[in-house]
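Engineer: Taken in order, these protein sequences are the chains called Y and E.
Quick note, the first sequence lines up with residues 12 to 348 if you use the numbering used here.
Quick note, the second sequence lines up with residues 12 to 348 if you use the numbering used here.
In case anyone wonders, no lab produced these hints; they're calculated from the structure.
Check each hint, because a few of them may be wrong.
Treat identical chains as interchangeable: a pair holds within one or across any two.
The calculated DSBU-like cross-link candidates involving lysine-lysine, where the alpha carbons are at most 30 Å apart (straight line), are [what the hints assert, rightly or not]: (1) Lys82 / Lys197; (2) Lys126 / Lys197; (3) Lys30 / Lys13; (4) Lys269 / Lys285; (5) Lys82 / Lys210; (6) Lys256 / Lys269; (7) Lys129 / Lys82; (8) Lys284 / Lys13; (9) Lys285 / Lys259; (10) Lys197 / Lys311; (11) Lys284 / Lys269; (12) Lys259 / Lys311; (13) Lys283 / Lys256.
Number of protein chains: 2
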Amino acid sequence: MKIIVDAFGGDNAPLEILKGAAMAVTAYGCEVILTGDEQVIRQVAQENAISLNGMEIVHASDVMTMEDHPKSILREHKDCSMAVALRLLAEGKGDAVVSAGSTGALLMGGTFIVKRIKGVSRPALAPIMPSDDAPFMLIDCGANADCRPEMLVQFAHMGSIYMSHMFPREGGPRVGLLNVGTEDTKGGELQLATFPLLKESGLNFIGNVEARDVPAGVADVVVADGFSGNVLLKTMEGTVDMLMKNLKGAFMSSLRNKIGAMLVMPGLRSLKKKLSTSEYGGAVLLGVNAPVIKAHGNSKAEGFCSAIRVASEFAASGAVAQIEEFMGKKKSEDAAQ
Amino acid sequence: MKIIVDAFGGDNAPLEILKGAAMAVTAYGCEVILTGDEQVIRQVAQENAISLNGMEIVHASDVMTMEDHPKSILREHKDCSMAVALRLLAEGKGDAVVSAGSTGALLMGGTFIVKRIKGVSRPALAPIMPSDDAPFMLIDCGANADCRPEMLVQFAHMGSIYMSHMFPREGGPRVGLLNVGTEDTKGGELQLATFPLLKESGLNFIGNVEARDVPAGVADVVVADGFSGNVLLKTMEGTVDMLMKNLKGAFMSSLRNKIGAMLVMPGLRSLKKKLSTSEYGGAVLLGVNAPVIKAHGNSKAEGFCSAIRVASEFAASGAVAQIEEFMGKKKSEDAAQ
Numbered sequence: 012m013k014i015i016v017d018a019f020g021g022d023n024a025p026l027e028i029l030k031g032a033a034m035a036v037t038a039y040g041c042e043v044i045l046t047g048d049e050q051v052i053r054q055v056a057q058e059n060a061i062s063l064n065g066m067e068i069v070h071a072s073d074v075m076t077m078e079d080h081p082k083s084i085l086r087e088h089k090d091c092s093m094a095v096a097l098r099l100l101a102e103g104k105g106d107a108v109v110s111a112g113s114t115g116a117l118l119m120g121g122t123f124i125v126k127r128i129k130g131v132s133r134p135a136l137a138p139i140m141p142s143d144d145a146p147f148m149l150i151d152c153g154a155n156a157d158c159r160p161e162m163l164v165q166f167a168h169m170g171s172i173y174m175s176h177m178f179p180r181e182g183g184p185r186v187g188l189l190n191v192g193t194e195d196t197k198g199g200e201l202q203l204a205t206f207p208l209l210k211e212s213g214l215n216f217i218g219n220v221e222a223r224d225v226p227a228g229v230a231d232v233v234v235a236d237g238f239s240g241n242v243l244l245k246t247m248e249g250t251v252d253m254l255m256k257n258l259k260g261a262f263m264s265s266l267r268n269k270i271g272a273m274l275v276m277p278g279l280r281s282l283k284k285k286l287s288t289s290e291y292g293g294a295v296l297l298g299v300n301a302p303v304i305k306a307h308g309n310s311k312a313e314g315f316c317s318a319i320r321v322a323s324e325f326a327a328s329g330a331v332a333q334i335e336e337f338m339g340k341k342k343s344e345d346a347a348q
Numbered sequence: 012m013k014i015i016v017d018a019f020g021g022d023n024a025p026l027e028i029l030k031g032a033a034m035a036v037t038a039y040g041c042e043v044i045l046t047g048d049e050q051v052i053r054q055v056a057q058e059n060a061i062s063l064n065g066m067e068i069v070h071a072s073d074v075m076t077m078e079d080h081p082k083s084i085l086r087e088h089k090d091c092s093m094a095v096a097l098r099l100l101a102e103g104k105g106d107a108v109v110s111a112g113s114t115g116a117l118l119m120g121g122t123f124i125v126k127r128i129k130g131v132s133r134p135a136l137a138p139i140m141p142s143d144d145a146p147f148m149l150i151d152c153g154a155n156a157d158c159r160p161e162m163l164v165q166f167a168h169m170g171s172i173y174m175s176h177m178f179p180r181e182g183g184p185r186v187g188l189l190n191v192g193t194e195d196t197k198g199g200e201l202q203l204a205t206f207p208l209l210k211e212s213g214l215n216f217i218g219n220v221e222a223r224d225v226p227a228g229v230a231d232v233v234v235a236d237g238f239s240g241n242v243l244l245k246t247m248e249g250t251v252d253m254l255m256k257n258l259k260g261a262f263m264s265s266l267r268n269k270i271g272a273m274l275v276m277p278g279l280r281s282l283k284k285k286l287s288t289s290e291y292g293g294a295v296l297l298g299v300n301a302p303v304i305k306a307h308g309n310s311k312a313e314g315f316c317s318a319i320r321v322a323s324e325f326a327a328s329g330a331v332a333q334i335e336e337f338m339g340k341k342k343s344e345d346a347a348q
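Based on the sequences and whatever the hints tell you, model everything.
Structural biologist: See below:
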């Protein structure tokens, strides 16, 4: 398996990316192609005694920043490290791409360089998130703010195919439609129109799910328009951050609390690990012709190592081919009707 | 101040409601009208030694359940405890209503019994929520799944008027538009159309706010369509619940953790109090002709007592009159243009 890694994406590039890639090569025996400024990569690797064994470098001098418009990946920045990575993927030089760079640019580049799977209306960005139970996929989380019912049904199929490979569950992944209540008649126009389509989709559709039950792990694939999916994702992140910060504050507020905090630290650490998103490598871009993984912008070495593992598993799973097959079948069914 | 309390709404009716009302009468010196089955109320009060001093009972034998359709408050259940409470308010027999019953029914009854303020497109349900900083208002949180830009602007004005009375801040409440990013050009059609309207609204509009920053207290009034507002509200609740449950589990996982947990308990308790929503009495229904408060369905006595306090303060603030005045002024301005 050969994973193409954008060495200049995210807050901690390139050092943490090189570390993570070296960890992944050792741990999973995969090959890595790094894209980015070759001289800088070699220098940082040398200064930090990171072995580049099993890694190839494809030079790209340009870098996209968060200030650059996503579209510029197709024009002004068409030779940046992310664009080069996606082009290598499109040309079949590697099996998957991992980047922690701008989400908008990755979405744009994924859609127009790696290209949409035939029949897919719009690719979706789908993070794998921790829950009290098993990890779940949220699809879409921001690629498409305004959605049509057919798009949500496609998200459900793509997410279900991915999850059935990566986190198999008897009976198939439980697909839930994010809604304001669990009753069949809840929601706005979009949800009311999507519900019957999902019911007839042949998926393991468990009906509407409320945001309140999502962190508990009520569904394996939570289907949403990109706007409310984004609100769910970021509210979870913001609430965990706020609570953890306050917990720290509470623990430091007196000597008694400080001593207690020292004692509960191991329990807290394992909780933090359970709720950490870095385990699952970030988000996957579904609906394009090859696996593209969006790692968290603030990922450290462990996060990149996980993302490379997820990318390998995703590439090995054949999920992309299965989505292609489904879209082809769907198209001929629609034509036959 | 005379607060009308639906004695048969919510999971803990009528016992916790009677307790909470008695607490409020003692603590704030307000008068209370209880609506519901008089015989049951007197019996429960007697069995639990709850004084009904300062309270009047208006008999209503019928009760709405969560299974009843919201519209039935206007027809089949027009004599239920909630409908009777709202009718008393509409007739000026009290200054505000508190109910922990069905949200849909309260919204329906509020809109058609208490009636919309002239010029208001749609009343909104707006919870007051805890943040790391000061409490904030989320408007709308589910009354209107599909919204038009003009509705969001009205929500912003109504929320701003309410918050400037209840939680004054120099320069006026900071109004933020819930969005997927902070840049001016973010969002779907609704947000893109609403942004310029809010910019020209004369409100203290701070721009787009991300869900990630909302729990930290980035804005005093968070404006959203009812669907994504509902997702934000319930994700916060679900995430706090999930974390607290896991924290408990982590603390009980070993003797060392148990001892530590005993020591940090006071710190945890004050954190729990800080993040508790019951302090702020629940949600307010804005855009109707008199103050209506939706208490949490699972409220206990303390929650009802807070809700009655909030109802008194809301009624005393003159916020409803100010919203009426604003809508009247707005209408004549629009006509003059």
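Engineer: All hints, please: hold or fail.
Structural biologist: Now the hints, each set against the structure:
1. Lys82 / Lys197: between (37 Å within a copy, 14 Å between copies)
2. Lys126 / Lys197: between (35 Å within a copy, 24 Å between copies)
3. Lys30 / Lys13: Intra 17 Å, inter 67 Å, cutoff 30 Å: intra-copy only.
4. Lys269 / Lys285: Cα proximity of Lys269 and Lys285: in one copy and across copies (23 Å, 20 Å).
5. Lys82 / Lys210: For Lys82 and Lys210, only the inter-copy Cα distance (27 Å) is at most 30 Å; the intra-copy one is 37 Å.
6. Lys256 / Lys269: both (15 Å within a copy, 22 Å between copies)
7. Lys129 / Lys82: within (22 Å within a copy, 46 Å between copies)
8. Lys284 / Lys13: Close inside one copy (28 Å), not across copies (51 Å); limit 30 Å.
9. Lys285 / Lys259: both (18 Å within a copy, 14 Å between copies)
10. Lys197 / Lys311: For Lys197 and Lys311, the Cα distance is within 30 Å only across copies (28 Å; inside one copy 41 Å).
11. Lys284 / Lys269: both (21 Å within a copy, 20 Å between copies)
12. Lys259 / Lys311: Close inside one copy (22 Å) and across copies (29 Å); limit 30 Å.
13. Lys283 / Lys256: Both ways: Lys283 and Lys256 sit 12 Å apart in one copy and 13 Å across, limit 30 Å.
Consistency with the previously given hints is maintained throughout, with no hint failing.
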